[in-house]
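Peer 1: Protein chains in written order, with our numbering: chain R, 1 to 353; chain G, 354 to 527.
The set of hints was computed from the structure by calculation and includes no laboratory data. A few of these clues could be false.
Said to hold, decoys possible - Derived SDA-like pairs (lysine to any residue); straight-line CA-CA distance at most 20 angstroms:
#1 K179(R) - E372(G)
#2 K179(R) - E497(G)
#3 K212(R) - E372(G)
#4 K179(R) - A498(G)
#5 K179(R) - L404(G)
#6 K179(R) - W479(G)
#7 K212(R) - P481(G)
#8 K212(R) - E423(G)
#9 K179(R) - E423(G)
As the list claims (entries may be wrong) - Restraint ranges, calculated between C-beta atoms of paired labels, are given here:
#10 S64(R) - P369(G): 32 to 38 angstroms
#11 R472(G) - A269(R): 37 to 43 angstroms
#12 P484(G) - N204(R): 37 to 43 angstroms
#13 A105(R) - C365(G): 52 to 58 angstroms
#14 N204(R) - D499(G): 18 to 24 angstroms
#15 P481(G) - A155(R): 46 to 52 angstroms
#16 P457(G) - P137(R): 46 to 52 angstroms
#17 C365(G) - E154(R): 51 to 57 angstroms
Said to hold, decoys possible - A few chain R residues that don't get close to chain G, going by computed Cβ distances all over 10 angstroms:
#18 Q73
#19 S101
#20 E158
#21 M209
#22 K212
In this text, a Cβ means the ideal position worked out from N, Cα and C, and glycines have one as well.
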Amino acid sequence: MKPAAPVAGLVLGIESSCDEMAAAVVRSGREVLSNVVASQNEVHAPYGGVVPELASRDHARVVSGVVEAALAQADLAPEALDGIAVTAGPGLVGSLLVGLSFAKALAYRAGRPLVAVHHLAGHLAAAELADETLAPPYLGLVVSGGHTALYRVEAETEPGLLGQTLDDAVGEAFDKVAKLLGLGFPGGPAVSRAAEAGDPKAVNFPRPMAKKGGLDFSYSGLKTAVALEVQRRGGAEAMCQGEVADVAASFEAAAVESLLVRARRALSAEGLHRIAVVGGVAANRRLRAELAAAGERDGFSPSFPPIALCTDNAVMIAAAGARLLGRGESDGLSLGAFSRVPVGEAPWRGAPA
Amino acid sequence: MEDSEILDQRPCFHSPEPEATRRYGEGLARVWREMNAPGPGGLVVSLRGDLGAGKTVFVKGLARGLGIDESLVSSPTFVLANQYASPGEGLSLHHVDFYRLESPDELESMGFFDLIAPRAILAVEWGPKFPGELPSDRLELELEADGGSRLLRAEARGPEAARILAGWSASLAE
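This is chain G alone, in the form it adopts within the complex (with noise of 0.2 angstroms):
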C-alpha cells in the first residue's frame, strides 16, 4: 500500500453504549501492543469530543488493552495529567486533558513533553485545542453523541499511526 492511502483511511465506528466505547479502546492497544512486540514506539491519541461523549471511557479501554486496572482510571481535567504502568511488561499509559489548559505555554511547565515515550501509549484529551504541540504522527479520534449512541471517527496522521490504525480497523472487520 503506498503512504497516502494509508493516510486516507478515515475509518467511522458506532458505539451503542459505553462498554462499546470501551471495547474499541481496548482493541486498540491491544493492536498496538502485538503490532510493536517486542519494541514499540509511542502511541498518541488525540481525542476530541463534547463533554460527555465518552473520551475517559475510551482510554478506560485503552487501559484494559494494557492489562492496567481500568477502575484506576479517572477524569485527568483537574490534575492534568495520570500516569499508569502496565503490570510486568513495562509498557505505560499516560492520560493527558488540555480541557483546563488556556495556552501552549503551559504544557511546558506540566511536563507534558516528557510524556510522549517509547513503549506508552499517549491519550489526549481536548488534543485538538493545541494541535500544533502534539507530535505529527498521532492517531486522531472524534467521539460524536447521537443520543444514547456515538460516532468514532477515526484518522491517521502519519504513517506509523496508519499502520496501527489499518490494523485495529483489520481486527474490528474480523
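The following block holds chain R by itself, in its conformation from the complex (with noise of 0.2 angstroms):
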C-alpha cells in the first residue's frame, strides 16, 4: 500500500458559497471536532416556506457567531490552528466574499496560513471522510440543487471533470417540479415523498439525452415535459392524489435513471470500480437502491456519505484544506472570490486584491 498522502492537522473550515454559513474544524482531514451550519432550510422548515424576514442570506450578520462557536465546540484558539481553508467558488460572489474576507482577516490575526478550497472538491472530500474504505482512483457524482457533475477523482491532483449538467441541476429540477405539483419545500424530499405512493411508469416523461453518448446532463427539457403534463392535466390544484403521485414518481424514474446511465457508462470508460455520491440529491432513496443494485449486477460499489455531509457544510472544506496544507500549498491574504469555476482550476491563485 502507498503511504498516505501529508495531512495538516487541525484545520479551520469556512463554506458561505450560497445558502448555508457553515464553520467547523477537522483534525488531520478525518477526525471531526466540531460542525457549525446555520441553514435557511432549517429556519424556513417549520414556516412551510421561506420567510422573507429570515431569507436575507446575510452571512455577514453570522459569520462571526458561526466560526466562534465552530472555535468553542473545538475548544481551541484561531492561534492553536494548522491552518484555515476557505470557499473561494464556485458560487454567489457576493456570499462567497463574507466567509473569505473573515477568513483572510482570522488567518492575519493568528498569523495562520490560508488555502482556497473549491466547493466541489470539497463535496468529493466529504465521501472520503465519511467512508475510509474509499480511496482515489474513483468516480465522483456531485448531485445537488446547483450542481449535476462527473468527476475523475485522483490522489495527488485536482479532480477532473467528465461531464456537467448543460442547463439545470438535477436537485433544481426536483424543487422546480415539487412547486409545479404544488409539494412542500425542500422540493427532493417533498417530491420523493409523493412519488413513494406513485407508479413510475405511469408517464413515459422523455429520458433526458437518452439518445446522446457523453457525459453530459440535461434537465431542462424534463422539466419542461412535467410542466406539460400538468397542464394537460389542468393543473396541480385540479390534480387527484393519486396522479401527482404518478406524476412525482414518474419524474422521478426519469431523474434517476439518466444520472444512473452516465454513472455506469463513466465507470466503464475510465475503467472504475468505486463511485462515492454527494451532494444534496445523495439522499434521495431511489438513487441509492438503484445504484446498489447496479453495482451488484455491474461489479462496482457505491458510497454515499451520511445527509449531514452531503449538504453544503464546512467540515469538507476543512477536509479538502488540510490535504492542500499538508502538499504545502497556501493563498495570500489577496485572494479573490469567483462564481464559476471548473474543478481543478484555480483562477484565485494569484487573483488581484
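Join the two chains into one complex using the hints; note that each chain is given alone, in its own frame.
Peer 2: Below is the structure:
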C-alpha cells in the first residue's frame, strides 16, 4: 500500500458559497471536532416555506458567531490552528466574499496559513472522510440544487471533470417539479415522499439526452415535459392525490435513470470500480437503491456520505483544505472570490486584491 | 422618431423550437454589441415566462452573441447569479434568477446592484417579481408556451432599450 499523503493537523473550514454559512474544525483531515451550519432551510422548514425576514442570506450577520461556535466546540484558539481553509468558488460572489474576508482577517490576526478550496472538491473530500474504504482513483458524482457533474478523483491532483449539466441541475429539477405539483419545500424530499405512492411507469417522460452519448446531463427538457403534463391535466389544483403521486414517481424515475446511465457509462469508460455520490440529491432513496442494485450487477461499489455531509457544510472544506495545506499549498491575503470555476482550476491563486 | 413612438414598439416573435429561441437571444446580443461600439452601456433584460418556457435557453443565445461558450451557461436558480466574461472584448453577461428570492431586501446581500454595469448584459429571470428594483431603462421579454412552440413578446421601457429593440427588430426583418 502506498503511504498516505501528508495532511495538515488542525484545520478550520469556512463555507459560505450560497445559502448556508458554516464553519468546522477537522483534525488530520478525518476527525471532526466541530461542525456548525447556519442553514436557510432549517430556518424555513417550520414555516412551510421561505420567511422573507429570515431569508436575507445575510451571512455577514452570522459569520462571526458561526466561526466562534466552531472554535469553541473544538476548544481551540485560532492561534492553535495549523491552517484556515475557505471556499473561494464557485458560488454567489457576494456570499463567498463574506466567508473569504472573515477567513483572511482571522488568518492575518492569528498568523496562520490560509488556503482556498473549490466547493465541489470539498464535496468529494466529504465522501472520503465518511468512508475509510474509499480511496482514489474513483468516480465522483456531484448532485445538488446547483450542480450535476461527474469527476474522476485522483490522489495527487485536483478532480478531473468528465461531464456536467448543460442547463438545470438535478436538484433544481426536483425543486421546480415540487412547485409545479404544489408540493412542499424543500422540493427533493417532497417529490420523493409523493413518489412513494405513485407508479413510476404512469407517464413515460423523456429520458434526458437518452439518445446522446457522452457524459453531460440535461434536465431542462424533463422539467418542461412535467410542466406540460401538469398543464394537460388541468394544473396541480385539479389533479387528485394519485395523479400527483404518479407524475412525481414518473419524474423521479426519469431523473434517476439519467444519472444512473451516465454513472455506469463513466465507470466503464474510466475503468473504475468505486463511485462516491455527494451533494443534497445523494439523499434520494431511489438513486441509492438503483445505484446499489446496478453495482451488484456490474461489479462496482457505491459510497454515500451521511446526509449531514451531503448538504453544504464546512467539514468538507476543512478536510479538503487539510490535504492542500499538507501538500504545501497556501494562498495570500489577496485571494478573490469566483462565481464559476471548473474543478481543477484555481483562478484565485494570484488573483488581484 | 419620437421617443413615445419608440416606446410604443411591442413586437412579437415566434419561436418553433429551442434553437430558434437561442438565435433570438444571439441576435439581440449581437445588435447590442454593434450598436454600442466602442463604449457600450449596460443592457438590462427582464425575462418573464413559466417554468420551461425557455428563459435560460434565451440567455444561452445572449452568451453566443457575446462570443461566450453557451455550454457554460447553466441555470442560476440555485446560485442566484452567474457571471460570464466574453473573450477579448471586455464584455460580460450577468445572469440572475429571482425565482428563489422572497423579498427585495435580499437583492442587496446577494450583490444584485453590482451586476448592473456598463459593458454588460444583465439578464434577470423572473424579473417582474421585483419590478421596482430593476433599472427603469430596460427590455421586458415575455416567453409564452404554446404547445411545443413559444411566443416572445418584447417591450422597451426607456429610450436606450427602445433604441436596442428597434435595432433588434430591424435585424430580424432582414
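Peer 1: So, for every hint listed, does it hold in this structure?
Peer 2: Each hint, compared with the structure:
1. K179(R) - E372(G): Answer violated: K179(R) to E372(G) is near 26 angstroms, above 20 angstroms.
2. K179(R) - E497(G): 18 angstroms, holds
3. K212(R) - E372(G): The hint holds at about 17 angstroms.
4. K179(R) - A498(G): 18 angstroms, holds
5. K179(R) - L404(G): 10 angstroms, holds
6. K179(R) - W479(G): It holds: about 15 angstroms lies between the C-alpha atoms, which stays within 20 angstroms.
7. K212(R) - P481(G): 36 angstroms, violated
8. K212(R) - E423(G): Distance of about 18 angstroms is within 20 angstroms: holds.
9. K179(R) - E423(G): 27 angstroms, violated
10. S64(R) - P369(G): 32 to 38 angstroms: 55 angstroms, violated
11. R472(G) - A269(R): 37 to 43 angstroms: 41 angstroms, holds
12. P484(G) - N204(R): 37 to 43 angstroms: 40 angstroms, holds
13. A105(R) - C365(G): 52 to 58 angstroms: Since the Cβ atoms of A105(R) and C365(G) sit about 53 angstroms apart, the hinted range of 52 to 58 angstroms holds.
14. N204(R) - D499(G): 18 to 24 angstroms: 23 angstroms, holds
15. P481(G) - A155(R): 46 to 52 angstroms: Hint holds: Cβ distance 50 angstroms, inside 46 to 52 angstroms.
16. P457(G) - P137(R): 46 to 52 angstroms: With Cβ atoms ~47 angstroms apart, the hint holds.
17. C365(G) - E154(R): 51 to 57 angstroms: Holds: the Cβ-Cβ distance is about 53 angstroms, inside 51 to 57 angstroms.
18. Q73: The assertion about Q73(R) holds, with a minimum of 27 angstroms to chain G.
19. S101: 13 angstroms, holds
20. E158: The claim stands: E158(R) keeps its Cβ more than 10 angstroms from every Cβ of chain G (closest is about 19 angstroms).
21. M209: Correct as stated: the minimum Cβ-Cβ distance to chain G is 13 angstroms, above 10 angstroms.
22. K212: 13 angstroms, holds
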